[in-house]
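Undergrad: Kindly generate the complete structure, drawing on both the sequences and the hints.
Okay, here's what each chain looks like letter by letter:
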Amino acid sequence: MDRTLVAWVEDKPGVLNRVASLFRRRAFNIESLTVGHTEEPGVSRMTIVVDGERTDTEKVVQNLYKLVNVIRVEDVTEQPAVMRDLALIKVRASNGSRSEVMQIVETFRARVVDLAPETLTVEVTGTEDKIDGLCEMLQPFGVEEMVRTGRVAMVRGKQSGSGRS
Amino acid sequence: MRRTGAEIVWEMMKHEDVEVVFGIPGGAIMHTYHPRQKYGVRHVLMRHEQAAGHAADGYARVSGKVGVAMATSGPGATNLVTGIATAMIDSTPMVCITGQVPTSLIGSDAFQETDITGVTLPITKHNYLVTDVDELAGVIHEAFYVARTGRPGPVLIDLPKDVQQAETDFSPPDDGLELPGYRPKKEGDLELVQAAADLVNQAERPVILAGHGVLMSGAMDVLRAFVEKTRTPVALTLLGKGGFPESHPLALGMMGMHGEAFVNRAIQKSDLLLALGMRFDDRVTGTLETYTPHARKVHVDLDAAELNKIVPVDVPIQGDLLHVLRQLLPLVRPAEHSAWLEQIEGWRSDTAIRDVLNRPKNGRLLAPQVIDAIYGGTRGEAIVVTDVGQHQMWAAQYYPLDFPHTQVTSGGLGTMGFGLPAAIGAQVAQPDREVWAIVGDGGFQMTLHELATAVQERLPIRIGVCNNGYLGMVRQWQELFYDEHYESTHLVNPDFVKLAEAYGVRGWRVSEPGQVHEVVAEARAHNGPALVDFQVAQEGEEGNVYPMVPSGAALDEMIRRPAAAG
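Here the protein sequences come in this chain order: D and C. Going left to right, the first sequence walks through residues 1 to 165 as this note's numbering numbers them. Going left to right, the second sequence walks through residues 1 to 566 as this note's numbering numbers them.
Quick caveat, the hints were computed from the structure, so don't treat them as lab data. Incorrect hints may appear among the rest.
Said to hold, decoys possible - Lysine-lysine pairs mimicking PhoX-like chemistry, simulated, CA-CA at most 20 Å apart:
id: 1; chain 1: C; residue 1: K185; chain 2: C; residue 2: K309
id: 2; chain 1: C; residue 1: K65; chain 2: C; residue 2: K14
id: 3; chain 1: D; residue 1: K12; chain 2: D; residue 2: K66
id: 4; chain 1: C; residue 1: K309; chain 2: D; residue 2: K59
id: 5; chain 1: C; residue 1: K309; chain 2: D; residue 2: K66
id: 6; chain 1: C; residue 1: K186; chain 2: D; residue 2: K66
id: 7; chain 1: D; residue 1: K90; chain 2: D; residue 2: K130
id: 8; chain 1: C; residue 1: K185; chain 2: D; residue 2: K66
id: 9; chain 1: D; residue 1: K59; chain 2: C; residue 2: K14
id: 10; chain 1: C; residue 1: K14; chain 2: C; residue 2: K38
Claimed, not checked - Restraint ranges, calculated between C-beta atoms of paired labels, are given here:
id: 11; chain 1: D; residue 1: R26; chain 2: C; residue 2: R231; range: 34 to 42 Å
id: 12; chain 1: C; residue 1: Q165; chain 2: D; residue 2: E31; range: 25 to 33 Å
id: 13; chain 1: C; residue 1: P293; chain 2: D; residue 2: E58; range: 22 to 30 Å
id: 14; chain 1: D; residue 1: A20; chain 2: C; residue 2: Q202; range: 39 to 47 Å
id: 15; chain 1: D; residue 1: R26; chain 2: C; residue 2: R42; range: 34 to 42 Å
id: 16; chain 1: D; residue 1: A20; chain 2: C; residue 2: A110; range: 24 to 32 Å
id: 17; chain 1: C; residue 1: D402; chain 2: D; residue 2: E31; range: 49 to 57 Å
Quick reminder that beta carbons are idealized off the backbone N, C-alpha and C, glycines included.
TA: What follows is the structure in structure tokens.
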């Protein structure tokens, strides 16, 4: 089973490189890693999805803490959290199949964000399962291109954050 | 105060109480070198940057301060890499300052440009590329703090030439540091400490595994108090030597691949292991499948990532050993463990006819006799710096230590070439102490150019070369495990005595056991650097380190010295 870690890190040059280098050097298997700004200036937030079968998550957390620029790490897997992935999918849709594709998109509560004569581009947000499901349904029409952001996570309710203060 | 980046480097050296820097100038760092003398910080000019790294490392291990190495960009910086990696794995506090091409040229493959922060990322505790002179003082202050606190380690600061030249208003940084993610832990969690105390109080066959952490945290006295209160015998890792006096009746000596058989047996038969500031290196565990099958385990380490990394333990305690032992001491009850200690003494007695205490006397010169003579001559009070290989293990076996910070050796990385430059650092740290560099002929030749540094700096280092004409430890493995096929291990060596004299070092050669004591005495009495070429037995029983855990075997399945010898 995969595990979801949230890491608050100092927004300094090379921090992503340090984290990536750590995973490589310790042979940690990760599924995805996303990084972006937070509500706190100077603090970036990473969501890291670890392959819990092949990698000891506790070891990942302890090693992340060894990096001087890592402020806090939380394993949110067992916590009630909102977890989302975003995908853009460019799928073949000619006159004959377009309405069928639109129907599928509708069912998955996805959105069409671009229309071209031969293709349309779908934006979908949700859990990985939901996105996988949509991809599976669109596959027969011909998926031309796809990009996914990887998982981002936020614990419900209580206030979290880097704890930097 | 208006200061250039170069001047700020030295201002900050003074601020951080740095007495000496080991290094070599070059194009991208010469601007920083230029104002050095104004600030009265000593510089030891090495002959190779690798040696600058090892010298700073040796200095740090003996002085307890942060060692500082300096080099230019590109090849100067890459030459430092082995020194940095050696310090990283042995947790030596070190700050390395490298010159870099000007910021405008970074990324352009300029002359002598190497991405040294990229190269050293996995072998430094932290590193910095300073692109703004206004940040320089803060970065240097932070670098020293990070290097010496928590689990110590090397920190590198890469300094582009234009930043060295730029001017700014300088004021020494106050002690406030902006390190929101860096919080070294001192005390152990109380519940875990109590759980450890409960295990100690129940144990019948406890053994302490004392590592480098004892020395790094300064826990020698509290460890001794704990040992004497609970009558728990102490086995030492190689780097743990000096953390507990080896002449103490409860000292077992070194554990592991070349530890004595009774020590490893005691570990294997124990019902409680207290692993204190050590990290279960594969050289001390033997195969993990059969490691200490009956023992409950308590592991104390500053670095949480070391806990449960190799050996799963019952009570993992993250904390500074000094503090954790102080917490633990009042919670443990006095004990005797008479039956257990008697049993260990029984196992110990057979080493008199085998292994370490048994030295064949057949007229041939053996490396153990050399170490013995140095031990006798110096009454165990020298600072012993070794290189890596057979002589390193013999030095560990035959030079028991009663004093902390008197051994300097590359444990984790096993860096050949470490010995001589590290001895230079040790002698600089302790100018009035006797420093012996015990080296092999193979490793010595990797950095022997540093003889020139010893002469230039008038450092009276004594160098004992255990010369067996081989890369001896590799040869031993070839003898035992590769059908005596000595592939690429035989060395045709120079005349080390002539070589020494060419450098201005007094040299002696010894090939008979009868000469050893006299020549050691002469070398000790010589006023200046001295080198003795000890031509020791090359192979077979006399040329091998015994006992030995072969790779893949259990810790107590050792190859012993044949009992009939001697």
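Undergrad: Work down the list of hints and note, for each, if the structure agrees.
TA: Right, here's what the structure says about each hint:
1. Of the supplied pair hints, the one linking K185/C and K309/C holds, its CA atoms being roughly 19 Å apart against a limit of 20 Å.
2. A threshold of 20 Å between alpha carbons decides the hint, and for K65/C with K14/C the separation of about 13 Å falls inside it, so the pair holds.
3. Between K12/D and K66/D, the direct Cα distance comes to roughly 16 Å. Compliance with the 20 Å bound is thereby established for this hinted pair.
4. Distance hint between K309/C and K59/D is fulfilled; the C-alpha atoms sit about 8 Å from each other, no more than 20 Å.
5. Under the criterion of a C-alpha separation no larger than 20 Å, the hint pairing K309/C with K66/D is consistent with the structure, at around 14 Å.
6. About 15 Å separates the Cα atoms of K186/C and K66/D, which keeps this hinted pair within 20 Å; it holds.
7. With a C-alpha separation of about 17 Å, the suggested pair K90/D and K130/D falls inside the 20 Å cut-off, and the hint holds.
8. Between K185/C and K66/D the CA atoms are separated by roughly 12 Å; this keeps the pair inside 20 Å, and the hint holds.
9. A distance of roughly 39 Å separates the Cα atoms of K59/D and K14/C; the hinted pair therefore is violated under the 20 Å criterion.
10. As the CA atoms of K14/C and K38/C are separated by approximately 11 Å, the hinted pair is consistent with the 20 Å bound.
11. In this structure the supplied range 34 to 42 Å holds for R26/D paired with R231/C, their Cβ-Cβ distance being about 40 Å.
12. Between Q165/C and E31/D the beta carbons are some 47 Å apart, a value that contradicts the proposed interval 25 to 33 Å.
13. Checked against the hint of 22 to 30 Å, the pair P293/C and E58/D passes, with Cβ atoms roughly 24 Å apart.
14. The hint said 39 to 47 Å for the Cβ distance between A20/D and Q202/C, and at roughly 45 Å that hint holds.
15. Between R26/D and R42/C the beta carbons are some 39 Å apart, a value that agrees with the proposed interval 34 to 42 Å.
16. Checked against the hint of 24 to 32 Å, the pair A20/D and A110/C passes, with Cβ atoms roughly 26 Å apart.
17. A beta carbon spacing of about 54 Å between D402/C and E31/D agrees with the range 49 to 57 Å that was offered as a hint.
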